[in-house]
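2 protein chains.
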Amino acid sequence: MSNPADVPAPSPSATGGPAAEPLGVALFGLGTVGGGVAERLLRHPQTLTAGRPLSLKHAVVRDVAKNRGIDLPAGVLHDDMRRAVDDPAVAIGVELIGGIPQAFELCRDLLRAGKHVVTANKALICERGPELFALAAEHGRMIRYEAAVAGGVPIVAGLTESLAANRITGIRAILNGTSNFLLSRMADTGASYADALAEAQKRGYAEADPSMDVDGTDAAQKLVILSRLAFGAEVTFADVSMGGIDVLDAEDLSFAEELGCAVKLLAVAKRTERGLELSVRPTLVRRTDAVANINGPMNVVAVRGDLVGDAWFAGPGAGREPTASAVLADLLSIAAARPPFRPRQPDSPLRPVPADELFSRFYLRFRVVDRPHVFAALADILGSSGISLASIIQHAGPEADDNADPSVVSVVVMTHRTSGARLRAAAERWAKLESLRGEPVVMLVAD
Amino acid sequence: MSNPADVPAPSPSATGGPAAEPLGVALFGLGTVGGGVAERLLRHPQTLTAGRPLSLKHAVVRDVAKNRGIDLPAGVLHDDMRRAVDDPAVAIGVELIGGIPQAFELCRDLLRAGKHVVTANKALICERGPELFALAAEHGRMIRYEAAVAGGVPIVAGLTESLAANRITGIRAILNGTSNFLLSRMADTGASYADALAEAQKRGYAEADPSMDVDGTDAAQKLVILSRLAFGAEVTFADVSMGGIDVLDAEDLSFAEELGCAVKLLAVAKRTERGLELSVRPTLVRRTDAVANINGPMNVVAVRGDLVGDAWFAGPGAGREPTASAVLADLLSIAAARPPFRPRQPDSPLRPVPADELFSRFYLRFRVVDRPHVFAALADILGSSGISLASIIQHAGPEADDNADPSVVSVVVMTHRTSGARLRAAAERWAKLESLRGEPVVMLVAD
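Chains A and B, in that order, give the protein sequences. For what it's worth, full-length UniProt numbering labels the leading residue of the first sequence as 1, then goes sequentially. For what it's worth, full-length UniProt numbering labels the leading residue of the second sequence as 1, then goes sequentially.
Mixed in with the good hints there might be a few duds.
Which copy is meant is left open, so a pair is good if it fits within one copy or across any two.
[As the list claims (entries may be wrong)] Once the Cα atoms are required to be at most 25 angstroms apart in a straight line, the calculated DMTMM-like pairs of lysine to aspartate or glutamate come out as: (1) K202 <-> E258; (2) K202 <-> D310; (3) K66 <-> E21; (4) K202 <-> D306; (5) K270 <-> D447; (6) K270 <-> D306; (7) K270 <-> D86.
Hint data in this document are derived by calculation from the structure and do not stem from the laboratory.
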């Protein structure tokens with residue numbers, strides 16, 4: 001028989017009562033986010049009132065000589081990882097060094113040493129999360145990673161705690177702020193991809209090497225993490241059908257506008273009869289859809305649950321302070337002794353659907369030499385691949401000069417719903433068309 | 001010195017391991033929301049996997065004979081509140097009976113009997129929350145109320161847990177789905193307030209007596225709850241400057257459209273130099289502001305924090321399943337032994353700013369008899385009250401027939417920023433204008 005007293009009420013130490021002793025924190029990495037976390041821990045401890053107070057014991061960096069503009073107490077800054085991991089005064093280690101192999105070893109060593117772990121490392125959680133969760137369970141410690149997905153947006157807590165009673169049926173999200181900034185900029189100003197990227201780099205919204213942001217990798221890693229939490233599914237990075245925005249031109253944004261749509265790098269995870277559909281792709285989203293109006297470096301995650309209907313979480317997906325906000329929330333949850341919820345278990349094993357079996361409407365943009373029969377050849381390829389056309393846009397090109405080479409024009413084909421396999425088959429055939437110029441652009445069209 | 005082991009890791013019982021015994025739940029009230037909660041507890045226990053399993057022991061109702069369409073196990077349904085409160089097998093009581101005095105007594109009795117409490121009762125928490133929180137602390141039990149604000153939108157957890165590290169500077173929210181549905185409907189179709197209300201009642205978005213929804217009361221109660229959580233401020237219902245949408249006409253929506261704005265019943269809580277500004281008022285919001293695009297029965301809460309910047313939470317603000325989703329999240333948090341965070345403490349006492357000291361731009365719509373000097377009289381009143389005019393809209397009325405009475409026309413005045421006191425002084429004077437027809441409409445204009 002259950003006994004009410006078995007559910008502990010907040011104890012004085014868990015609620016930060018007068019008897020509460022500080023919990024020691026070790027930061028590993030003191031870059032943008034680490035600096036933000038350290039600053040708040042040192043300067044505004046009075047705002048961090050959940051559970052036991054937090055006390056910064058170590059800030060472990062590679063180069064102690066580097067000026068970071070933070071005034072740390074004596075002895076806190078050093079380069080000896082092992083000393084921090086082994087310090088019995090440390091209860092929580094915060095992994096902010098990035099990358100995968102070294103970060104994995106650090107988290108493993110922290111858990112083995114009986115420390116709780118907080119990390120903002122999406123690549124680590126995507127690639128090696130399951131191993132770390134098993135280690136944490138084995139050692140009776142927590143690992144939290146709110147900051148690993150969508151920066152300041154509390155989607156890990158939202159999915160696992162606030163929406164815990166829901167059977168999740170789908171997620172639609174914008175998870176990469178760099179791509180979203182670039183797409184907003186291109187749509188608003190007509191800028192080329194290259195110009196928009198230069199602008200984003202100047203304003204701090206894109207890294208010097210933005211490839212993982214713009215090719216879909218970053219968003220796909222985050223989608224894997226969210227899908228495990230939402231569906232309890234065993235999914236990996238390879239299960240995500242992925243495409244980036246780096247193939248788009250200004251004219252694709254303007255064709256989309258003409259079709260009443262915005263282009264978003266949309267991350268989608270969807271329960272279907274065939275299994276779990278996972279994709280990160282440039283996608284046409286109707287302007288009347290609220291997702292189309294999330295602009296600039298913002299992130300949004302729309303979760304569909306069987307009870308809640310659609311719940312939305314939006315906010316800044318990156319940056320020093322927003323990411324620090326999420327890391328600190330994890331620290332506070334540990335300080336308040338709030339165990340995370342148990343992950344969802346699927347009713348039955350959820351198979352990730354292969355890209356060939358994904359069904360969607362598509363936007364296809366071709367550049368072709370403007371001469372008779374070119375479009376007929378394209379239409380023939382699509383038709384004989386079993387893809388039916390919903391509409392076609394081709395604007396009049398410059399008047400051809402009889403003496404000049406034929407000009408190159410853009411043709412946009414909107415398809416009816418078809419499969420990834422059919423599209424792949426058609427692409428193999430159109431690649432051989434002698435009148436084609438450059439790589440055609442393929443985007444999904446949201447339902 | 002701190003000891004890492006002092007922070008308990010999830011215990012087998014807290015994580016729902018095999019040893020976990022069920023926690024007894026008593027539902028008080030089995031109406032729309034109670035029915036939704038009961039159904040999920042009975043039919044889908046496998047989805048409720050956070051911490052110890054939940055077991056429905058009592059569903060206490062006034063009239064046991066009423067058919068509720070739910071098949072409850074034998075002995076669960078009865079009308080003896082005391083029996084459920086005193087049952088040692090019950091760990092958590094869920095108050096869904098509504099109203100204030102009886103609900104207060106029930107929650108008090110539950111806490112005194114050593115039970116945790118979950119409630120969806122915003123009026124109760126607004127009016128008597130502080131007494132209940134003190135009782136809960138005294139008895140070492142939790143009281144949770146995620147469903148009391150914005151239905152399925154997890155804003156209580158968001159503010160207190162996910163954004164715990166932030167100093168909150170402001171909240172802008174749409175907290176009443178009925179009003180938002182009516183305003184969206186009037187704007188989209190040009191329907192009158194009365195017609196939109198009839199439509200909302202037919203579709204289940206408005207009660208038979210919608211007065212608390214449309215006059216601002218419901219939203220103001222929710223804003224009081226959010227303000228206590230966000231600012232740690234001791235605020236009461238009387239501190240909210242309140243106005244409803246029941247005074248608006250279709251033409252106000254169309255004037256707003258002409259001004260590039262939507263009308264929203266906006267709930268605002270804002271830290272200023274003068275203290276805490278609290279208002280719930282029909283407000284003109286620029287169409288480019290995402291809040292303007294939250295339509296129909298949706299709720300949204302935009303929280304501004306010093307770290308996160310702007311974080312958004314949106315979703316269905318009412319309804320059987322969304323509200324049940326929030327009640328169940330609270331039950332699961334208790335089942336997982338997750339203590340709530342300690343409320344924020346203000347740096348210094350935060351005084352609610354009196355309505356007279358609120359500053360805003362205003363939209364004023366007058367109906368006046370269309371004859372010479374009428375507008376001059378109005379302008380004189382505003383000017384000599386120290387209110388300066390930003391712009392005026394008056395459309396040509398029907399051509400006056402020399403033999404007929406002068407027609408009545410609408411005049412909209414947009415003011416520059418001014419105080420509530422000045423507006424009140426002006427209103428006392430314009431009320432005496434003999435050419436005025438009906439009560440003028442006053443709306444705020446969002447910054």
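Outcome of the hint check:
| no. | hint | verdict |
| --- | --- | --- |
| 1 | K202 <-> E258 | neither (30 angstroms within a copy, 37 angstroms between copies) |
| 2 | K202 <-> D310 | between (36 angstroms within a copy, 23 angstroms between copies) |
| 3 | K66 <-> E21 | neither (32 angstroms within a copy, 54 angstroms between copies) |
| 4 | K202 <-> D306 | between (43 angstroms within a copy, 24 angstroms between copies) |
| 5 | K270 <-> D447 | within (12 angstroms within a copy, 39 angstroms between copies) |
| 6 | K270 <-> D306 | within (13 angstroms within a copy, 35 angstroms between copies) |
| 7 | K270 <-> D86 | neither (43 angstroms within a copy, 45 angstroms between copies) |
Consistency note: the structure conflicts with the earlier hints numbered 1, 3, 7.
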